[in-house]
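Colleague: Assemble chain V onto chain G, guided by the hints.
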Amino acid sequence: AQSVTQPDIHITVSEGASLELRCNYSYGATPYLFWYVQSPGQGLQLLLKYFSGDTLVQGIKGFEAEFKRSQSSFNLRKPSVHWSDAAEYFCHAGNNRKLIWGLGTSLAVNP
Amino acid sequence: DAGVTQSPTHLIKTRGQQVTLRCSPKSGHDTVSWYQQALGQGPQFIFQYYEEEERQRGNFPDRFSGHQFPNYSSELNVNALLLGDSALYLCASSLVGQGFEGAFFGQGTRLTVV
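Top line first, the protein sequences correspond to chains G and V.
The first sequence: position 39 = 39 (the working numbering), numbered continuously.
The second sequence: position 43 = 43 (the working numbering), numbered continuously.
With the rest of the complex left out, here is chain G (with noise of 0.2 Å):
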């Protein structure tokens, strides 16, 4: 069956640590991959998306995610994280036949 697994419910980070947050899917043929972030009692605003060519794709932010079709992971890395940062972060993979959301991972950062 089609999914995306966000193994990660909730991370907490110090401000200035590196982060990553993972993201795996299952899907068949590679779908179009995005990273949603959602800060509290908003909309969801696209980070970064994925569709074909260099597997490293950079986002908005500060964020960048990479391609692993062996793995069958896209996952979202910042080198140091801000405090603005916290937030709900959804992967999604789509194409336009079928959409399929993640969970959600939960970002708090550390002063």
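Treat the hints as calculated values from the structure; they're not laboratory data.
Idealized CB from N, CA, C, for every residue including glycine.
Accuracy of the hints is not assured; some may be wrong.
With the Cβ distance kept under 8 Å, some of the chain G side facing chain V (calculated, not the full set) [as the list claims (entries may be wrong)]:
hint, residue
1, Arg22
2, Tyr27
3, Ala86
4, Leu99
5, Trp101
6, Gly104
Below, a list of computed lysine-lysine pairs in the DSSO-like style, where the Cα atoms sit at most 30 Å apart [said to hold, decoys possible]:
hint, chain 1, residue 1, chain 2, residue 2
7, V, Lys26, G, Lys61
8, G, Lys68, G, Lys49
9, G, Lys49, G, Lys61
10, V, Lys13, V, Lys26
11, V, Lys13, G, Lys49
Modeller: Relative to the frame of chain G, chain V by itself:
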């Protein structure tokens, strides 16, 4: 350039009532998708509208219906409200024919059913 706008921002309804939520897509976008997000959960796809027709539908009952107007704006209607319909309803717009570019989301409508 306004992004995706949704109205109202908050709404309280009673069980059994009907509700209509509205969405105006980002300028230049022609496709609108609706999502339901329960507290602590990821978004659940309800349906997508393009060219004033429902193109895709998630696993939601017929109580959930929608409409898209010629100006691409959209409405989500929910009949016979249940307590379990309480959630954040998100509208997302995108542009068909440009590849699957990802969607731009509105701030959502928080629906509380009492």
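Colleague: If you check each hint against the structure, which ones fail?
Modeller: Per hint list: 1, 2, 3 and 11 violated.
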